[in-house]
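*Asks:* Top line first, the protein sequences correspond to chains A and B. First residue of the first sequence? That's 27 in our numbering, and the numbers climb one at a time after it. First residue of the second sequence? That's 25 in our numbering, and the numbers climb one at a time after it.
Hints are computed from structural coordinates only; laboratory data are not their basis. Accuracy of the hints is not assured; some may be wrong.
[Said to hold, decoys possible] Covered by chain B, according to a simulated footprint, are these stretches of chain A (three or more residues, beta-carbon under 8 angstroms):
#, region
1, 113–119
2, 129–139
[Stated by the list, open to error] Straight-line distance between alpha carbons at most 27 angstroms, and here's what the computed DSS-like set of lysine-lysine pairs gives:
#, chain 1, residue 1, chain 2, residue 2
3, B, K57, A, K137
4, B, K53, A, K134
5, A, K140, B, K53
6, A, K134, B, K40
Bear in mind that the values here come from a model prediction, so they are computed numbers and not experimental data. In this text, a Cβ means the ideal position worked out from N, Cα and C, and glycines have one as well.
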Amino acid sequence: MIRIENIVKTFSGVKILHEVSAEFYAGKTNLIIGQSGSGKTVLLKCIVGLHHPDQGNVFYGDRNYSQANFNVKKEIRKEIGMVFQGSALFTSETIQDNVMFPLNMFGKQTKKEKQIRVDQCLERVGIDGTNLFFPGELSGGMQKRAAIARAIVLNPKYLFCDEPNSGLDPITSLKIDELISDITKEYNITSIINTHDMNSLMQIGENILFLNDGVKAWEGTNKEMFNSDSEVFNSFVFASEIAKILKQKQ
Amino acid sequence: MKIFTHIGQYLLLMGKVFSRPERLRIFLKQVFKEIEIIGMNSLGIVAIVSVFMGAVLTLQVGINFVHPLIPNYLIGLTVRDTMILEFASTIICLILAGKAGSNIASEIGTMRITDQIDALEIMGVNSATHLILPKVIAALLFFPILTLISIILGVAGGIGVSLLTDVVTFYDYVDGLRLFFHPYYILYTMVKMLIYAFIITTVSSYHGYFTNGGALEVGKSSTKAVVYSIIAILVMDLVITQLMLT
Chain A
27 MIRIENIVKT FSGVKILHEV SAEFYAGKTN LIIGQSGSGK TVLLKCIVGL
77 HHPDQGNVFY GDRNYSQANF NVKKEIRKEI GMVFQGSALF TSETIQDNVM
127 FPLNMFGKQT KKEKQIRVDQ CLERVGIDGT NLFFPGELSG GMQKRAAIAR
177 AIVLNPKYLF CDEPNSGLDP ITSLKIDELI SDITKEYNIT SIINTHDMNS
227 LMQIGENILF LNDGVKAWEG TNKEMFNSDS EVFNSFVFAS EIAKILKQKQ
Chain B
25 MKIFTHIGQY LLLMGKVFSR PERLRIFLKQ VFKEIEIIGM NSLGIVAIVS
75 VFMGAVLTLQ VGINFVHPLI PNYLIGLTVR DTMILEFAST IICLILAGKA
125 GSNIASEIGT MRITDQIDAL EIMGVNSATH LILPKVIAAL LFFPILTLIS
175 IILGVAGGIG VSLLTDVVTF YDYVDGLRLF FHPYYILYTM VKMLIYAFII
225 TTVSSYHGYF TNGGALEVGK SSTKAVVYSI IAILVMDLVI TQLMLT
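Can you make the complete structure from the sequences, with help from the hints?
*Replies:* Right, dumping it as structure tokens:
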């Protein structure tokens, strides 16, 4: 489980996050949603440690990540897998080398064991056989899958995905959502997904945190969201005509 | 005031760069890869420039040294010392700042804007050590070799001129090459080359590492890397020469 307490982040005098607190549970797909510029990515980067919050704490289980020393932070980071918006695969390396990279850096397995693990991960995300391709030779969806394979290769306890569906067609998006959700349950990972994709919200949103201008404006599940009385949340989630009809039917 | 921010940021980055690599085997692999990219791939341009500069220098010196009191062997001596003292280190490094420096800045800059550096940090890898240190080590190892190659090819260019033209005879030219040789000049040029290698790799990496924005900014970082590397090289040239030759 990950717990954040009163996170505040300011850039050049502009307050991006206003005392955001929340809990993200293990074995569940936790979603952070909000409009572009609402502070989703900043919050995610504060949680993983790419940004240091001006105020507040991030707890990984009982460990306070914000106050931890270098070695503790390094240990926690080895338990983290992250899928970036643009996949962030190393473009000059093959898919196999990309997925094997964390194993080479931190794994103690033999070469053969590493190869088996890489093949397992690529098979798990549905792109087995792409070992010798370079990222640029794969489609956007396949690159996302490769990024997920790299993120899970060290069996992380925590999985972070920054807009995993951006730039993907609806069918591929759903497949990626299902894959993340399945992996979360299979390995009992605490996964946090940053998205503004409404399909993801309805499909896999087991614990949703809604940010509006850097403020936590709503929290709940995908089932509870139809009964929400938060005006800003409803105007964001049920903005389209189809979504409005769906809400009425519920 | 901005210059102090840059110097501070640069020093902090260097502090991060010079720490123990995560895995020595992977680090050495990276060093050899960088030797190929930064060093071996620059051999061609260094060779071409050195041969032609040696040849042109011989022609220019030969044309200007037309006085009965100036012996012809001074042409060879002048070309040799010019190649050793200034050309093979400073001028070659100005060229390398353009070639290798822009390559380093654009590579690291692209990695920054496509989140590849963040991906390394998330994995618990010290991105500065992983990306920059192999380049610094590779340049420190290979740039002195490029200097030696440049000196040899520059002098060879002069030999070519002595054989193909009547500006100077081959025997006079070689006589000049063998006269008043100071081995200390080689040490001086090697010291310069090592310092320039450090400047080119670290200044370029710094500009790449702190790139913000998109493709346009990568281009700007690349240009800045070349410009600041060249300025730093010229300043250090003056300082080292004052310290070592006067």
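*Asks:* Output the numbers, in ascending order, of every earlier hint that fails for this structure.
*Replies:* none
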